[in-house]
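*Asks:* So that you can map any letter, position 47 of the sequence shown is 47 in my numbering, and since no number is skipped, the others follow by simple counting.
Hint data in this document are derived by calculation from the structure and do not stem from the laboratory. By construction, the Cβ of each residue, glycine as well, lies at the ideal position given by its N, Cα and C atoms. Hints are not guaranteed to be accurate.
Stated by the list, open to error - Ranges between beta-carbon positions, derived for each pair:
| hint | residue 1 | residue 2 | range |
| --- | --- | --- | --- |
| 1 | G51 | T71 | 28 to 36 Å |
| 2 | I44 | I18 | 28 to 36 Å |
| 3 | T71 | L50 | 26 to 34 Å |
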Amino acid sequence: MKTQTESIHHLEAHSASILATRREIAGRYSISLRHLDYLIRDGIVPSVRLGKRCLRIPVEEADKIVHALQTGGLKR
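Using the sequences plus the hints, can you model the full thing?
*Replies:* In structure tokens form, the structure reads like this:
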């Protein structure tokens, strides 16, 4: 089983068209799952529901959002 750090490095290497779990994204950006849930709920971070209990986040889109937040916020 991969450690969280190994999973994050794997995501970085293959982030072009990959979907990640909530836990992977929260670890990638060093935020809590609760905070990530708020960002998803408020429509700031996009997500894809693949079933009743399967939620995934497009890594490339999440990276763009985080970059925009780091450089002065989102322009809506």
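*Asks:* It remains to establish, for every hint, whether it holds in the given structure.
*Replies:* Taking the hints in turn, this is what the structure says about them:
G51 and T71 have their C-beta atoms about 35 Å apart, which keeps the hinted 28 to 36 Å range intact. At roughly 20 Å, the beta-carbon separation of I44 and I18 lies outside the given 28 to 36 Å, and the hint is violated. Restraint check, T71 to L50: a C-beta distance of roughly 31 Å satisfies the suggested window 26 to 34 Å.
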